[in-house]
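Peer 1: Each chain, letter by letter, is given below.
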Amino acid sequence: MNHKVVPVRTYLLIWAILICATFTTLGIAFLDLGPWNIVVALMIAFTKMSLVVLFFMHVKQQNNLTRLFVVAGFLFLGILIALAMSDYGTRNWLTPGRMW
Amino acid sequence: MADLDTTIEGHPPFLQHHFDDLHQQLDSSTLGMWVFLLTEIMFFGGMFGAYTIYRTMYPGAFASTSRYMEPVLGGINTAVLICSSLTMALAVRYAQIGKRKLIRIFLILTMIFGIAFIGVKFSEYYMHWKEHLVPWMDFQYPEHPEFFHQAQILFCFYFFMTGFHALHMFVGLGLLTWLLIKNERMSFGSEYYTPVEITGLYWHFVDIVWIFLFPLLYLIGANK
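Top line first, the protein sequences correspond to chains A and B. Taking this note's numbering, the leading residue of the first sequence gets 993, the next gets one more, and so forth. Taking this note's numbering, the leading residue of the second sequence gets 11, the next gets one more, and so forth.
Worth flagging that the hints you see were computed from the coordinates, not collected in a lab. Don't be surprised by glycine CBs; every beta carbon is placed ideally from N, CA and C. Hints may contain errors.
As the list claims (entries may be wrong) - Partial pick of chain B residues on the chain A-facing surface, computed with a CB cut under 10 Å:
1) SER95
2) ARG103
3) HIS138
4) HIS142
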């Protein structure tokens, strides 16, 4: 068939990285990094997601059509959040001295 | 699979007649499943988007809720789900090479991890219920009375997002049960393992949702 059978070693390696990243997320949450807490947490989450999508969900070996659909999914989620925030995040620009 | 088509009378038993070959059938099923998962991304995405808006509106109230969350239990549950993703990936791997016994073992392990996750999650719900943290149901917030209303927004997100996630876990457990029965009745192998692959995609997707829910709901103000 078109899908290569991935060695067990690869799955175990990805699993180990994901577990380490989980405990890193937990540990870093108790440090006070100011606004960087959420940035670091989301960066780790995006890395974990990419590993799951590429290796566990086999997108690494999929054809380009499937890859395009996967990327489109996250692109539209990005548009949803970016456009919503471009509204809510900038409302105070019109009224000086008012936050929301 | 063109060689099979020519060497065997008719076509392979798992090939549905509207596909050219098994290769095309698997690719189509995978693409179809991803289209479904895109609708799931947008389903959870709506909640993540609303969460983002309210968190930027009420950062103090959202951070104040973290003292009532259980970050260690949440972390353990994240690890449990990652383990279940590993066993699911291995079940798919052994379906690809047609090892019925190993498929059975890894499907059952995946279900055990899934049930463990739901058990921990519902014990957390019970603790929140005991602490009066369920919005509209005798909600109490004595430590920060100024956040009484705003904190309920976070708890609404918490119960709806983790609740819909738990619902997806139940659906996943149902699919795994169906695979377990299917695995006994027919032989998965290199020619046909589509149901295992597709269910795997769903299971990993539910894992990814939790990967984001954990830092966003449990760890907002853990350092305060």
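Peer 1: A separate judgement is required for each hint: does it hold in the structure or not?
Peer 2: Evaluation of the provided hints:
| no. | hint | verdict |
| --- | --- | --- |
| 1 | SER95 | 6 Å, holds |
| 2 | ARG103 | 6 Å, holds |
| 3 | HIS138 | 19 Å, violated |
| 4 | HIS142 | 25 Å, violated |
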